[in-house]
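Trainee: Now for the letters of each chain:
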Amino acid sequence: MTDLDTFRTETRAWLAENCPPEMRKPVRSEDDVCWGGRQFKPSSPAQKEWLDKMAAKGWTVPDWPKAYGGGGLSPAETKILREEMAAIKARNPLNSFGISMLGPALLKYGTEEQKLDHLTKIARGEIRWCQGYSEPNAGSDLAGLATSAEDKSDHYLVNGQKVWTSYADKADWIFCLVRTDKTSKQGGISFVLFDMASPGVSTKPILLISGNSPFCETFFDNVKVPKVNRVYEENKGWDVAKYLLGHEREMISGMGLASSGGNPLIDGAIATVGLGHDGRLADPLLRASIAMFEVRAKAFGAMSERFIDELKAGKAHPAQPSMMKYYGTELNKSRYELMMAAGGSDALEWDSERSRGGAIPRSWLRTKANSIEGGTSEIQLNIIAKRILELPA
Amino acid sequence: MPLYLDDDQTALQDTIRDFVAEHAPVSHMRALRDADDKTGFSRDLWKQFAEMGFTGILVGEDQGGLGLGHVEAGVVLEEIGRNLSPSPFLSTAVAAVEALKGTGQAERWFPGIIAGETVAALAIDEGAKHRDTVAMKAERSGNGFKLTGAKRFVTHGHTADLIIVAARTGGSDNDTDGITLFAVPKDTAGLTANAERLADSSLAARLEFEGVEVDADAVIGEVDAGRTPLDRLLRAGRTGASAELLGVGGGAMNMTVGYMKQRKQFGTLIGSFQALQHRAAHLYSEMEVARAAVLKAQQLLDQGSERADEAVSVAKAMTTLATTLSVQEGIQMHGGIGMTDEYDIGFYMKRARVLAEMFGDANFHADRLAIAAGY
Ligand SMILES: Cc1cc2nc3c(=O)[nH]c(=O)nc-3n(C[C@H](O)[C@H](O)[C@H](O)COP(=O)(O)OP(=O)(O)OC[C@H]3O[C@@H](n4cnc5c(N)ncnc54)[C@H](O)[C@@H]3O)c2cc1C
Chain L
1 MTDLDTFRTE TRAWLAENCP PEMRKPVRSE DDVCWGGRQF KPSSPAQKEW LDKMAAKGWT
61 VPDWPKAYGG GGLSPAETKI LREEMAAIKA RNPLNSFGIS MLGPALLKYG TEEQKLDHLT
121 KIARGEIRWC QGYSEPNAGS DLAGLATSAE DKSDHYLVNG QKVWTSYADK ADWIFCLVRT
181 DKTSKQGGIS FVLFDMASPG VSTKPILLIS GNSPFCETFF DNVKVPKVNR VYEENKGWDV
241 AKYLLGHERE MISGMGLASS GGNPLIDGAI ATVGLGHDGR LADPLLRASI AMFEVRAKAF
301 GAMSERFIDE LKAGKAHPAQ PSMMKYYGTE LNKSRYELMM AAGGSDALEW DSERSRGGAI
361 PRSWLRTKAN SIEGGTSEIQ LNIIAKRILE LPA
Chain V
1001 MPLYLDDDQT ALQDTIRDFV AEHAPVSHMR ALRDADDKTG FSRDLWKQFA EMGFTGILVG
1061 EDQGGLGLGH VEAGVVLEEI GRNLSPSPFL STAVAAVEAL KGTGQAERWF PGIIAGETVA
1121 ALAIDEGAKH RDTVAMKAER SGNGFKLTGA KRFVTHGHTA DLIIVAARTG GSDNDTDGIT
1181 LFAVPKDTAG LTANAERLAD SSLAARLEFE GVEVDADAVI GEVDAGRTPL DRLLRAGRTG
1241 ASAELLGVGG GAMNMTVGYM KQRKQFGTLI GSFQALQHRA AHLYSEMEVA RAAVLKAQQL
1301 LDQGSERADE AVSVAKAMTT LATTLSVQEG IQMHGGIGMT DEYDIGFYMK RARVLAEMFG
1361 DANFHADRLA IAAGY
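Chains as they are written, first to last, in our numbering: chain L, 1 to 393; chain V, 1001 to 1375.
One thing to keep in mind: the hints can contain errors.
Dumping the calculated BS3-like pairs for lysine-lysine here, alpha-carbon to alpha-carbon at most 25 Å [what the hints assert, rightly or not]:
1) K386(L) to K1186(V)
2) K386(L) to K1264(V)
3) K1047(V) to K1129(V)
4) K152(L) to K57(L)
5) K115(L) to K57(L)
6) K121(L) to K66(L)
Because the hints were derived from the structure by calculation, they are not lab data.
Remember, predicted model here, so these are calculated numbers, not experimental data.
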């Protein structure tokens, strides 16, 4: 047996023993997702147990160094862990912008103190982060942001407004882009971290078409941010911001992948229209649409595997996350269009218990944001055209 | 195993890329067409392929081959696709070799295939759309069998030295059992081949079997159990055709993107128009996803995984979708010049259409996935 075979056997055994049965079922609603943080209220004892056990092994962030709370696993071991978790349909123990966005940026650009402090807390799910990028007049043109940070020797004084800040009202800390130089657009931005409990920070939720309000307007009124909380050099925050965006796009692209456990689309269609005598879905056009969608979804599954493998080996084009984000999110939107079509009138129920509080229609509406958040599809296509295909400006 | 080419495979890719681009670029295919060549490919070039060892790419080293896998065969096929090179590689070195592998027929046919002397053709399809059904009859006769029926869309069928034929020794058209695979040598009495030129200027034959007598030792594998070697043949053929499609789609895309960087209208390069940039970027994404699907199928085949069959159908359907888009956008973005025979992009469209039908189109494979998933 190779070392990897041994690792697989041991991992399988550990998961079998430690992953609670309740954590091997798909999440039922947004409340069922574990985000951690100071305000974390577990939806079940199993959820807490699963988080604690995985965090103790460093497996909430398996490929981060052990010193920062990670598992210290190699890319091949990380892949095995992922496969073994998928095999038992284990849930993600922790969902976190800290893991998928800030963490990678700190690993690359943070000081040793910043890494030791923030990364370990992210890994254990103690601090929940939010992303302060967008502003009312800086969306796609993000570098046009205006929130100012005035130099006060040992600290900055931050004033301005952010918008679309997901979960700002639930987050403990924010990673935030601020303007430290008005004379240069991209070269005048700095990347800072601060506590949302700091005096002068306030948030106001925005209701979405899905009926949920996960994101907020965020206001900063003379917020004091110690300079030790600046990541990387002053006026060089755009480098950090872009690097982080690559990881954000990678994470969002994962939404194009089928969720673990069964296939809700196919099961849903069989439940509503039924199978004919030949064992085929009784609505041939719906069947054809689903089958052709599945071709792309499965091919994209292979693409995700390839992308992660290439990324880990340093072989991926730096702009490839844009392709993944574009394709995965467009795919996810078409998945939910089909889910709605397959569900018929059942999928229209908004509040009923039977519909689990309208889980499908609310998710359907939520997916429409996939191709907007983290940079719109149009922006991703611009990036692919310019940076990968090298088409002229 | 990571889902990208390893160093050896990349080195092979460099070699084959240079070789095909030098010896069999699109102009080679054009010249064969203009000369109304009746063979459909260059025997000399096929010999050169043999000298480089490519004809034995899937044959084990103990039998004189390179002992490589579907990933490597695909690397070759992608370059064949990119250059639209007419070649018996897919039918002979990939599909036929896989059908014969591990059977008593291997010893008889492999040396000729490896030497570049034997070209094989696959008599699989009976209708105008590829199906899993086999209606052609093989009745016991003397110490062998008598084959009666017709096959079509047999690439190289009129020049091949070896024809692999799927026929029915029992059961009815749609049964899995009762199929037997035969290795029928060229010039066997009662077999006629009528070659037709197809849209892409390649040649495919309609074969008529009028009581064609073959010895019992023409059977590949076991009587009535031809599904096994036939499935091997189909998996290899489908995966290979996907790799070739990837080359066709990728080649067309490169031509198109290249043209966008050079053609000026309204005083500016057309590649700077965002409407075109977005379509090109979308096309790139489709091709990348197709590429991943193909590599996944190849790797699973090489691992002998039970998930290979599904991955093969995904690959064939996905490459068909992506490459169809690539050639269509190719013509459109070239504008009028794309419609001229003089310009190469049209050849890509024609080749893509032929490969789309080969071994089952996108609908056929999506349908297979649906059946396997129980709907
Ligand atoms: C659910 C959700 C969660 C989010 N979470 C966060 C968060 O946590 N933190 C945060 O900072 N932000 C967040 N955002 C904001 C998100 O990043 C922005 O909405 C996004 O970048 C688009 O900016 P905008 O809304 O200002 O649209 P605009 O930039 O005004 O775009 C409007 C339209 O114009 C198109 N467009 C703009 N420029 C171009 C161009 N150059 N070429 C072609 N088309 C163009 C766009 O594609 C779009 O279709 C979130 C958004 C959503 C929907």
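Trainee: Would you pick out the hints that fail for this structure and give their numbers low to high?
Mentor: 1, 3 and 4
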